[in-house]
Amino acid sequence: MTEQPDQLTADPKQGQQSPVLVAGEALQSWPEDLYIPPDALEVILEAFQGPLDLLLYLIRKQNIDILDIPVAEITRQYMEYVELMRRLHLDLAAEYLVMAAMLAEIKSRMLLPRPEIEDEDAEDPRAALVRRLQEYERFRGAAEQLDSRPRLERDLYIAYARIDDPDPPKIESLVDLNDLVEAMRAAMLSAHRRKHLQLVPETFSVRDRMSRIMDRVRSGEYVDLMDFFDPDEGRMGLVVSFIAVLELVRDGVLIVIQNDPSAPIHVKSKER
Amino acid sequence: MKNKTEISNTVEAALFSAEEPLSTKDLRGMFKPEDAPATDELNAILDQLASDYHGRGIELVSVANGYRFQTQVQYASALRRLRESRPPRYSRALLETLAIIAYRQPVTRGDVEEVRGVAVSTDIMRALLERGWVRQMGEREVPGRPALYGTTTDFLEYFNLASIQQLPELADQRELAEIAKDLNILLPEPRQTSSEEAGLAERDSEESIDSDENTVADVDRPIDSDTSTQPVADRIG
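Top line first, the protein sequences correspond to chains D and Z. My numbering applies: residue 72 is where the first sequence begins, and numbers increase by one. My numbering applies: residue 6 is where the second sequence begins, and numbers increase by one.
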């Protein structure tokens with residue numbers, strides 16, 4: 072490693088501008104061959120999208136002859152890092168190793184004398200690798216193009232005027248008292264079914280229940296009347312809720328509405 | 006009967022108050038049957054509307070699911086300052102995965118891994134699925150029945166595309182072949198689609214880019230291949 076074949080930055084003294092820092096110091100050059108210094112391994116694994124990406128970089132940047140790698144040397148270097156890789160990004164590291172192995176295989180196959188016969192099938196061992204590199208580069212370019220397209224949230228915003236459109240009941244009609252009583256009866260019935268419910272003596276205050284109902288409808292939304300009937304509270308709780316609703320309606324602060332005779336009954340604060 | 010101005014105004018109001026793109030079907034459907042404009046009438050109205058907005062801060066464009074008003078690209082930086090929000094950035098790994106799915110769909114994770122040379126992380130697939138850009142389209146009929154993925158209309162809308170054919174062409178394959186030549190490599194002819202992939206349309210090749218006469222689903226008018234989502238006015242010249 073006497074040569075520094077390729078400076079990462081235009082001016083090596085301005086090392087802080089180098090994109091790759093190793094232990095706080097700028098990596099001044101890419102390693103020769105595919106040798107990766109231990110400290111740089113993690114950085115390189117993160118900077119590149121994989122062995123194909125790294126190979127492409129090396130090809131482009133250094134015009135490296137990937138097919139002239141000293142096989143024995145590169146294999147030895149790579150094996151030194153197997154342990155290290157195991158502790159780092161195992162998934163990634165494995166793929167880099169596979170690539171190293173492939174390079175070694177290519178090299179060794181090229182050293183073998185080619186059989187004179189069956190020439191037609193004998194493909195240059197490098198071809199498959201080149202094909203993969205080529206394919207990867209096309210999609211790497213496609214990804215860059217995709218990224219540079221005008222897109223929502225960055226370059227374009229949907230221009231639209233929001234229409235406030237609170238969904239629920241559109242028709243407000245007064246509720247028949249019979250329906251209200253029927254709702255009450257249904258709630259009572261479901262409370263009655265819980266026969267072995269142990270009623271813990273608890274006092275229910277109509278006043279307190281009224282303010283809780285008002286809290287609930289404060290935002291102006293429609294609230295299902297049944298929300299205020301909690302069967303777990305037993306008869307007493309239901310009665311208190313019912314009276315509280317009636318009190319509030321009488322006071323003119325709550326309206327009770329129903330879209331059609333069989334629809335759920337909703338309550339709503341009258342102020343809104 | 007409504008007159009043309011009323012129809013045009015109604016269309017404009019509908020598009021302007023819609024958060025999602027509206028298709029011509031949506032637009033026609035909002036009129037009473039006797040008032041609904043004919044398809045070519047509606048198209049003419051949309052073209053006119055688009056040209057009315059020409060040179061303004063917003064434009065009317067056609068994207069995957071229909072038409073929408075959107076802000077002009079050149080004002081994006083000002084709008085970003087106004088919103089004080091940083092646009093989301095996507096990693097190279099995610100974009101490469103997305104690009105492979107978009108050009109090659111339907112693909113399996115294995116196909117993506119084959120191209121990228123690295124395992125596709127579960128996080129990336131989950132992010133793409135959750136973002137609604139990618140969906141599972143089926144399973145490949147091979148052992149293990151791996152899931153096949155493709156892109157969605159949400160993907161097209163997000164990237165301002167009316168159809169998948171509007172994606173720019175993939176780089177010419179020869180570019181790398183030249184590198185190979187530099188390295189003195191004898192490059193064999195690119196292998197044909199392997200048998201396991203037979204029947205699955207390859208999307209990346211130039212031929213499929215040419216076949217852009219196809220109309221886009223949900224947008225019932227032809228789309229020019231290389232104009233991306235230009236304002237409708239530009240398309241009619």
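Be aware that one or more of the hints could be misleading.
[What the hints assert, rightly or not] Over the 10 Å line for every Cβ pair with chain Z, so calculated as not near, a few chain D residues:
| # | residue |
| --- | --- |
| 1 | G121 |
| 2 | E215 |
| 3 | Q216 |
| 4 | L223 |
| 5 | D226 |
[Stated by the list, open to error] Facing chain D, a subset of chain Z residues (Cβ under 10 Å, in silico):
| # | residue |
| --- | --- |
| 6 | E25 |
| 7 | K30 |
| 8 | L84 |
| 9 | D128 |
| 10 | M130 |
| 11 | A132 |
| 12 | L134 |
| 13 | G137 |
[Stated by the list, open to error] Pulled from the structure, derived: some chain Z residues nowhere near chain D, Cβ distances all over 12 Å:
| # | residue |
| --- | --- |
| 14 | R97 |
| 15 | E101 |
| 16 | A104 |
| 17 | G155 |
Simulated from the structure, these hints should not be mistaken for laboratory data. Ideal Cβ placement from N, Cα and C applies to all residues, glycine included.
Against the structure, the hints:
Its closest Cβ contact with chain Z, about 4 Å, brings D/G121 to no more than 10 Å, contrary to its assignment away from the interface. Under the 10 Å C-beta cut-off, the non-interface status given to D/E215 relative to chain Z is violated; the minimum distance is some 8 Å. Interface exclusion of D/Q216 from chain Z breaks down, the closest Cβ pair being 5 Å apart, not more than 10 Å. At roughly 5 Å, the least C-beta separation between D/L223 and chain Z is not larger than 10 Å, which violates its mark as non-interface.
Residue placement check: D/D226 does not keep its beta carbon more than 10 Å from all beta carbons of chain Z (closest about 5 Å). Because the closest C-beta pair between Z/E25 and chain D is about 8 Å apart, less than 10 Å, the hint holds. Below 10 Å, beta-carbon pairs count as interface contacts, and Z/K30 has none with chain D, the closest being about 19 Å; its hint is therefore violated. Below 10 Å, beta-carbon pairs count as interface contacts, and Z/L84 has one with chain D at about 6 Å; its hint therefore holds.
Because the smallest distance between the Cβ of Z/D128 and any Cβ of chain D comes to about 12 Å, over 10 Å, the interface hint for this residue is violated. For Z/M130, the interface hint is violated, the least distance from its beta-carbon to any beta-carbon of chain D being 14 Å, above 10 Å. A least Cβ separation of about 15 Å between Z/A132 and chain D goes past the 10 Å threshold, and the interface hint is therefore violated. Here the hint on Z/L134 is broken, as its CB sits about 17 Å from the closest CB of chain D, past 10 Å.
Violation of the interface hint for Z/G137 is found here, the shortest Cβ-Cβ separation to chain D being roughly 12 Å, above the 10 Å cut-off. For Z/R97, the shortest C-beta to C-beta distance to chain D comes to about 6 Å, within the 12 Å cut-off, and the non-interface label is violated. Distance check on Z/E101: its Cβ comes as close as 4 Å (rounded) to a Cβ of chain D, failing to clear the 12 Å threshold; non-interface status is violated. Against chain D, the non-interface label of Z/A104 is violated: not every CB pair exceeds 12 Å, the least being about 4 Å.
Distance check on Z/G155: its Cβ is at least 15 Å (rounded) from any Cβ of chain D, clearing the 12 Å threshold; non-interface status holds.
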